[in-house]
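There are 2 protein chains.
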Amino acid sequence: MADSITEKVIQAVKQFDMLEEGNRVIVGLSGGADSVALLYCLKSLEKILGIKVYACHVNHNLRGKESDGDQAYTESLCKDLGIELRVFSVDVMGASAKHKSIEEKARELRYEAFCNLSRELGAKVATAHNACDNTETVLMNMLRGTGLKGLCGIPPKRDYLIRPLIYCSREEIEDYCKENKLKYVTDKTNFSTDYTRNKIRIELIPKLLEINPSLFNTIRRMTYALSVDSGFLENMARDALDKAGIGDGIYETEFLRNLPEPVFTRAVSLMLKEKNIEPTSLRINGFGKIIRTGHGKINIEKNKFAVVKKGKAEIQFIPQKYRQINT
Amino acid sequence: MADSITEKVIQAVKQFDMLEEGNRVIVGLSGGADSVALLYCLKSLEKILGIKVYACHVNHNLRGKESDGDQAYTESLCKDLGIELRVFSVDVMGASAKHKSIEEKARELRYEAFCNLSRELGAKVATAHNACDNTETVLMNMLRGTGLKGLCGIPPKRDYLIRPLIYCSREEIEDYCKENKLKYVTDKTNFSTDYTRNKIRIELIPKLLEINPSLFNTIRRMTYALSVDSGFLENMARDALDKAGIGDGIYETEFLRNLPEPVFTRAVSLMLKEKNIEPTSLRINGFGKIIRTGHGKINIEKNKFAVVKKGKAEIQFIPQKYRQINT
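If you're matching them up, the sequences are chains A and B in order. Position one of the first sequence corresponds to residue 1 (my numbering), numbered consecutively onward. Position one of the second sequence corresponds to residue 1 (my numbering), numbered consecutively onward.
Same shape as in the complex, but just chain A (with noise of 0.2 Å):
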């Protein structure tokens, strides 16, 4: 008789057209439980899939020994179960992003190794992340303040990106890795200094349990649905984009501001996007409003301005003039 993690990711697989016969997928490794559970459960399934499993392992080298310890386990892992592992090592500490911290940088790193062997390999990344993670994120953000697209959660598929493990519960995979004997770390970084989803993996999922015991299901079918309105919305604003460019990332005024409220305010999201610009809803504001008046000009980051001007919207890069130097 399969197990329940075996049939929720054969579930989840199916759903989201996750994987396909003859397609290749790395395991985003840590050498925690959900990893590990992830890496046996498809390596299990590979010939009932027709896939190819490899691991990649990144270290981030934040807890000296510790780190190289998880690393060390990840490689036995998979001498144990026959999969190719490639390891990566990043340097966090050195890694020059502002305005972000130790997790983000790290999660760019890592995600920039999985991207890059994704392409090398031609391969999909599954990484572990489960129905509790799911559940976190949508409180997380509600909290931190969202509308409709953070409350969709963690995207059971986006890109080169597969969760198998969307289905599962952190128990039913410790569980897993129990009855199948297998050994995982306990990464104690693993968002320990995020002090937000600490408090409400500890104590506020524990009050939502006794009020709903099965609220990851719950929240899981929430966060489908949302998905589904929301991807609507965002097709909606593209599609609107597409018209209303004239090339050169310029926009008519005039088609824009005819779209509806939600319609425009995604569109004007993606207009920042597009120039990598974070879309807050100040700027989305800002810009909408001098997009809804016909004319005007912000600065909306440094360098960067947002400028309406005879009916046409764009962002312009103005950089800094080379300072005189008197000689």
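Since the hints were derived computationally from the structure, they do not count as laboratory data. A few of these clues could be false.
It does not matter which identical chain is meant; a pair holds if it fits inside one copy or across any two.
SDA-like, lysine to any residue: derived pairs with alpha carbons at most 20 Å apart [unchecked claim]:
#1 273 - 297
#2 297 - 311
#3 289 - 224
#4 149 - 161
#5 207 - 146
#6 289 - 221
#7 289 - 225
Predicted model only: the values in this text are computed from it and were never measured.
The hints should help you fit chain B onto chain A, whose structure is shown.
This is chain B only, laid out in the frame that chain A set:
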């Protein structure tokens, strides 16, 4: 200097076009802090907003002498403030609503009284729902399982109903009562049997406030943004149904099944609501499925069938045959 409650009430009234000059407004007055504050605040704004304030108390007769005491208090308060008060006495226990809790029945009878008086006086009805109620409602819906609509919280305005305290927290309201020396009764039945809402209010909200002290504002902004999205999708569904309808509650399935998913499910939900059937996801999915396959018949509720045949979808009432009586 104006106090924050008055400012926030004016803000809400203007933002949501709740009231205009010459309007009559009936305050639903339980005698609790919220409704007493609302009554006093709107009365103080009569000249500024150009409105005329009335009050309506519904005695649910659920707590014997205590209920009568509440009624007496509202009578003396309105006399002091020179406000015309109407009192309705309802029989909650005798109301014949199946599968409904006492709270639900009381609510139904209360709103029936509001609605009747609203018609009689040609007035809007203001209820005292505040920012905390809004947050509780969002969390309750989320814990019970919901989609976009349930996350929109309490609508600030719907038909003849307005909620001018929607930006005010319970704490601010109690402070306002203290400052203005307003007495109020403590309605002990108020949600006292609603396990989930109580648990959310007493155990959950304080934890959430530890993480985000501006919780009520954060959720208010979220529900506002979501309402815009939700309203837009609802309108699309209504427009689609108008186009798919051929009269007598019959709809062209060809048109319906080509709708994008979020519009389709909302259109099916509206078809159920039109026939006074609660649109549960089970019913929406069932009816949706036979619309998509192009034929079928399912029992939606006692004596009610969703029928899809020859490119047409409708809900048919098929009453039980009269029982044959052996003579």
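Could you work out which earlier hints the structure fails to respect and list their numbers in ascending sequence?
none
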